[in-house]
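Protein chains: 2
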Amino acid sequence: LAVAHQIAFIGSGNVAWHLAPALDNTDYKVAEVYSRNPKNAKALVSRLYEAELKHSLDFSDSQSSIFIIAVNDDAIVEVAQEIILPEDAILAHTSGSKALSVLGYSGTEHIGVFYPLQTFSKNKKVDFRDVPFFIESESAQAQKVLTSMAKVLSKQVQSINAKQRQALHVAAVFASNFSNHMLHVAKDIMTEKKLDFDWLKPLIAETVNKSLSIGPENAQTGPAIRKDIQTLDNHLEFLSSDEEVAELYRLISQHILDKYK
Amino acid sequence: LAVAHQIAFIGSGNVAWHLAPALDNTDYKVAEVYSRNPKNAKALVSRLYEAELKHSLDFSDSQSSIFIIAVNDDAIVEVAQEIILPEDAILAHTSGSKALSVLGYSGTEHIGVFYPLQTFSKNKKVDFRDVPFFIESESAQAQKVLTSMAKVLSKQVQSINAKQRQALHVAAVFASNFSNHMLHVAKDIMTEKKLDFDWLKPLIAETVNKSLSIGPENAQTGPAIRKDIQTLDNHLEFLSSDEEVAELYRLISQHILDKYK
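For the protein sequence lines, the chains are A and B, in the order given.
Mapping to the numbering used here: the first sequence position 259 is 263, numbers consecutive.
Mapping to the numbering used here: the second sequence position 14 is 18, numbers consecutive.
What the hints contain is simulated information worked out from the structure, not anything from laboratory work.
Treat the hints with care, as some may be off.
Repeated chains share a single entry, so a pair holds when one copy, or any two copies, can fit it.
Claimed, not checked - Okay, derived cross-link-like pairs now, DSS-like style, lysine-lysine, Cα gap no bigger than 27 Å in a straight line:
(1) Lys197 <-> Lys43
(2) Lys191 <-> Lys231
(3) Lys129 <-> Lys205
(4) Lys155 <-> Lys128
(5) Lys205 <-> Lys33
(6) Lys129 <-> Lys43
(7) Lys155 <-> Lys191
Turn these sequences into a full structure, and let the hints guide you.
As structure tokens, then:
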């Protein structure tokens, strides 16, 4: 198979860790990796077929045509300012929240956002077929190239604008980060009382299963939706040794009470 | 098959809706159903083989030996006070939070809690094999009968005490009701911006999948754990039209920031 495009990755965090090898297994080739963290960069290079470890952001002699910035949101501007790109390069970041325009500092006009809507942790494999990709760009060329690249990985590729991406990202924080945090708090309560977290697993699996099947608005149960004030009070009493968790309980229960009024 | 026990159900809500037919499909027989809501009671009876619709809580002539109160927590005391039981009856409620002792008002000494740790909605089938049951009792007779009954349905039956049941129930509220509510808020944000909630489904499925596989404490991602204050501020700004949701966002993010300090 001919190599469609050579790609350079800037960053070696959770997103790059999964995205770079996934692309490298297609007819795209990840040719270069740069990261401020040389240990992580090396580890990522070792997951790729023939990628070169880069030690600077000077890509003026690079053969790559697509440059993917997958670093912490706070570092994206800095990379865009420092990076030196070859002519006609396409530059994208993978962030749900950073503005497309920060990539303008790079000097290239072919900029876009290449946003995979998924949660990435290094020690958990990701199947990209089911990961929706969202492309935001004002450059027809970047839009086309990034969309093609996403379609190689995923069944679901959408073009969106900045406002939609922000809404998507906030929704994703609730759907993923916050729901996971609720499981974390539950585990802490179980552990504190020497109960087995595994006992909650069928409940957790069924909760999500049901929520995805009939919709979260039809799936809610528990003391708040039943307006069972006595139980809510007992639970707050139970949680009173941890003020922050008690406040979480109070506020979320109140929101459920208010929504199903 | 001989009928091991005849069971009477008091209540026709989500728990009775699933539990009564499940028991009726074993060598236990659900013989009677009473509910304050006659329409629901009738609908539940129609899900059972030969159950009789009862119109009062006077069970003095009943052939049932096990009486299961599956009503709203707030109504359990009232039922226990009103119910008239045959001799040697075993009386249980299915609540995660109500004290065992409220059943004492019934006058019988064979009382217990028969608590299935699952989320029940009428329009979503439940597979009881994977539902953990928790039995709390101070009567050896009730403990034995309720444990046997639970084992007919489930692979996982545990004996617990009152304090453990309370912790379990609070943990379950976070693990199920609150995590579902996070999905509900996410759906609202998507709907408000005319985005397709389905786009979040692979993320939601993978979040839980990962959390159950490597533990929620190892699975967290997103702006709060990255200490990405700029994104947190942008999201709060985005949510500023809904004060309650913004406050939820702020409090949960703060708790994540504090926990992973």
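Right, here's what the structure says about each hint:
{"no.": "1", "hint": "Lys197 <-> Lys43", "result": "neither (39 Å within a copy, 41 Å between copies)"}
{"no.": "2", "hint": "Lys191 <-> Lys231", "result": "both (25 Å within a copy, 22 Å between copies)"}
{"no.": "3", "hint": "Lys129 <-> Lys205", "result": "both (20 Å within a copy, 17 Å between copies)"}
{"no.": "4", "hint": "Lys155 <-> Lys128", "result": "within (22 Å within a copy, 35 Å between copies)"}
{"no.": "5", "hint": "Lys205 <-> Lys33", "result": "neither (40 Å within a copy, 30 Å between copies)"}
{"no.": "6", "hint": "Lys129 <-> Lys43", "result": "within (20 Å within a copy, 49 Å between copies)"}
{"no.": "7", "hint": "Lys155 <-> Lys191", "result": "between (38 Å within a copy, 25 Å between copies)"}
Hint check: violations occur at hints 1, 5; the rest are consistent with the structure.
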